[in-house]
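Chemist: Full structure from sequences and hints, please.
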Amino acid sequence: MASTQITFTTSLIMIVLFVIAIIGFSIGFADDNDAIMKISDDPNMSYLSTNTGDSLSTFKDDSVGTYESILSSTIEPGSGAAQSTAPFAVTPFNVIGVAKNIIFLPYYSIFGSSEGFGIFFTTFGAFLAFIFGLLLYKTLRGNP
Amino acid sequence: MAYLYDLPNSTAGIDAIAIQTFDSFPWMTPLILLFVYFTVFLGGITRQKIRTGTADYPTWSVIASLSILVIALLFSVSSGFIRLDWLIIVVSLNILSAVWLFLDKRSSEI
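Those sequence lines, one after another, are chains A and B.
So the first sequence is numbered by this note's numbering: it starts at 43 and just counts up by one.
So the second sequence is numbered by this note's numbering: it starts at 817 and just counts up by one.
Errors might be hidden in some of the hints.
To be verified - Short derived list, chain A residues pointing at chain B, Cβ under 10 angstroms:
#1 Phe50
#2 Thr52
#3 Ile55
#4 Met56
#5 Phe67
#6 Phe71
#7 Ala72
#8 Met79
#9 Ile81
#10 Leu90
#11 Asn93
#12 Asp96
Everything labelled a hint here was simulated from the structure, so no lab data went into it.
Backbone N, C-alpha and C define an ideal beta-carbon position, used for all residues, glycine too.
Modeler: The structure is reproduced here in structure tokens:
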């Protein structure tokens, strides 16, 4: 079940990122080329873009919160499993921190410090945390 | 010689001819976009079926949608080629194709 949930969440995240990318590209193209027809003139498109961005932010907060709640959960003794996820608690966040530092150097070199692209890495980091959390749950307690 | 239509002013450049043609026949833009979409979509799935036996419909739909998005964005630079609502429909078609693609497959196949 966890893998199904991961698959489904991946699909939804990809859809949201695709929507932001397509609308962002169209708006950027119109701005760069002084287009007569601008997609940003349509209120529905701007509304959709803003809403999907907000949904991504919510997903980021929720997934990190879920991950932390899984880390702090415990299992009754005698069940044959580790009692807590403490062995996993330190590693992923430190690894993610190192990975972010490594990624940000080429990221700033290529994309600059614009916030428009940042949402992709933020979402990717949140998605990694979400998958980590679900896999930890699956490892310790079996399929949710 | 009498023509059934007004000849476009060819001294102003080829884009003026195109704009005048599009102005006379407003459905030209959507028909061009539909033609490109179905050429890529049907051509892609037909060739893939011949080569592999199965066709990947959502992927070809996304590729065809992206093709017409590029054309529609180029049309949007100058006035007279495309209306805003057609541009919105093209972007919406892209989004729907992406939804179809991402919900159709397992993540390992994307």
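Chemist: If a hint holds in the structure, say so; if it does not, say that too.
Modeler: Status of each hint after checking the structure:
no. : hint  : in the structure
1   : Phe50 : 8 angstroms, holds
2   : Thr52 : 4 angstroms, holds
3   : Ile55 : 9 angstroms, holds
4   : Met56 : 5 angstroms, holds
5   : Phe67 : 8 angstroms, holds
6   : Phe71 : 5 angstroms, holds
7   : Ala72 : 7 angstroms, holds
8   : Met79 : 4 angstroms, holds
9   : Ile81 : 6 angstroms, holds
10  : Leu90 : 8 angstroms, holds
11  : Asn93 : 13 angstroms, violated
12  : Asp96 : 17 angstroms, violated
Violation of the numbered hints given earlier is confined to hints 11, 12; the remaining hints are satisfied by the structure.
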